[in-house]
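Engineer: Here the sequence shown is numbered in my numbering, starting from 194 and rising by one per residue.
Hints were generated in silico from the structure; no laboratory data involved. Watch out, some of these pointers could steer you wrong.
[Stated by the list, open to error] Listed next, the in silico DSSO-like pairs over lysine-lysine satisfying Cα-Cα at most 30 Å (straight line):
| # | residue 1 | residue 2 |
| --- | --- | --- |
| 1 | Lys351 | Lys280 |
| 2 | Lys350 | Lys289 |
| 3 | Lys303 | Lys289 |
| 4 | Lys288 | Lys332 |
| 5 | Lys303 | Lys331 |
| 6 | Lys367 | Lys350 |
| 7 | Lys221 | Lys360 |
| 8 | Lys315 | Lys288 |
| 9 | Lys291 | Lys360 |
| 10 | Lys288 | Lys345 |
| 11 | Lys351 | Lys221 |
| 12 | Lys236 | Lys280 |
| 13 | Lys362 | Lys350 |
| 14 | Lys291 | Lys362 |
| 15 | Lys236 | Lys332 |
| 16 | Lys345 | Lys360 |
| 17 | Lys291 | Lys331 |
| 18 | Lys331 | Lys345 |
| 19 | Lys216 | Lys289 |
| 20 | Lys310 | Lys331 |
| 21 | Lys280 | Lys367 |
| 22 | Lys350 | Lys360 |
| 23 | Lys345 | Lys310 |
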Amino acid sequence: MKRILLVTFLMVFASLSHAEVYKWVDEKGGVHFTDDYNQVPQKYRNVIEKQEGIFSGGKDEKQEKASSEKKEAVHTDRLGRGEDYWKGRVEEWNKKVKSAQQRIETLRGKYNELTEKFNQSKSSVERSNLRMERDQVKKEIDDHRAHMEEAKVMLEKKIPEEAELFKAKPEWVKP
């Protein structure tokens, strides 16, 4: 009888020592563990960490290095977003800055042309029309400057703060 109990205990112990445990962090920062891969929600399956069972021996140095390299390769923020997401956001706002700069340059040229026409005009009606058109162009320049400043604030302050909040790597959000 003792022998049967001992064999049963050893079989259970051996099966536990080889069990894989899956760990993931949900969007609220909650940490979850399961030994059944099918219980891991689909959206977290690409960011799970496999861990050895409770009764397994410690990892050797080679296993530890491979595990840390794997974690490095699949690092994501708290919501499971990776480097591509963050770099995409930075690229989007960089494009907005460049677009606003280009539009400002174009409008500045138009404003200078209208100023020349205004200075050369002898007709008060024409001068009045040119002044109104020039004022409209000036307003558009100011609007594009405001958009460009907003984009710069996003790139320099808001996106890095958001990345820090969600534990994204700082190098992912460098402009």
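Engineer: Does Lys360 sit within 30 Å of Lys350, going by the straight-line distance between their CA atoms?
Structural biologist: Cα-Cα ~15 Å, so holds.
Engineer: Mind checking the alpha carbons of Lys291 and Lys362 for me, to see if they're no more than 30 Å apart?
Structural biologist: holds, 25 Å
Engineer: For the pair we were handed, Lys345 and Lys360, check the Cα-Cα distance against 30 Å.
Structural biologist: holds, 22 Å
Engineer: For the pair supplied as a hint, Lys236 and Lys332, is the alpha-carbon distance within the 30 Å limit?
Structural biologist: violated, 47 Å
Engineer: Given the hint that Lys310 pairs with Lys331, does the C-alpha gap stay at or below 30 Å?
Structural biologist: holds, 16 Å
Engineer: Between Lys331 and Lys345, is the straight-line Cα distance small enough, at 30 Å or below?
Structural biologist: Distance ~21 Å between Lys331 and Lys345 Cα, so the pair holds.
Engineer: Regarding the pair Lys236 and Lys280, is the alpha-carbon distance no greater than 30 Å?
Structural biologist: Holds, because 21 Å separates the two Cα atoms, which is no more than 30 Å.
Engineer: Going straight from one Cα to the other, do Lys280 and Lys367 come out at no more than 30 Å?
Structural biologist: Within the cut-off at roughly 8 Å; holds.
Engineer: Against the 30 Å threshold, does the CA-CA distance of Lys367 and Lys350 hold or violate the hint?
Structural biologist: holds, 11 Å
Engineer: Does the alpha-carbon distance linking Lys362 and Lys350 stay inside the 30 Å limit?
Structural biologist: Holds, at roughly 15 Å.
Engineer: Between Lys350 and Lys289, does the CA-CA distance stay at or below 30 Å?
Structural biologist: holds, 16 Å
Engineer: For Lys303 and Lys331, compute the direct alpha-carbon distance and say whether it is at most 30 Å.
Structural biologist: Given that 30 Å is the threshold and the Cα spacing comes to 10 Å, the pair holds.
In this structure, the earlier hints numbered 8, 15, 19 and 23 are contradicted, and the remaining ones agree with it.
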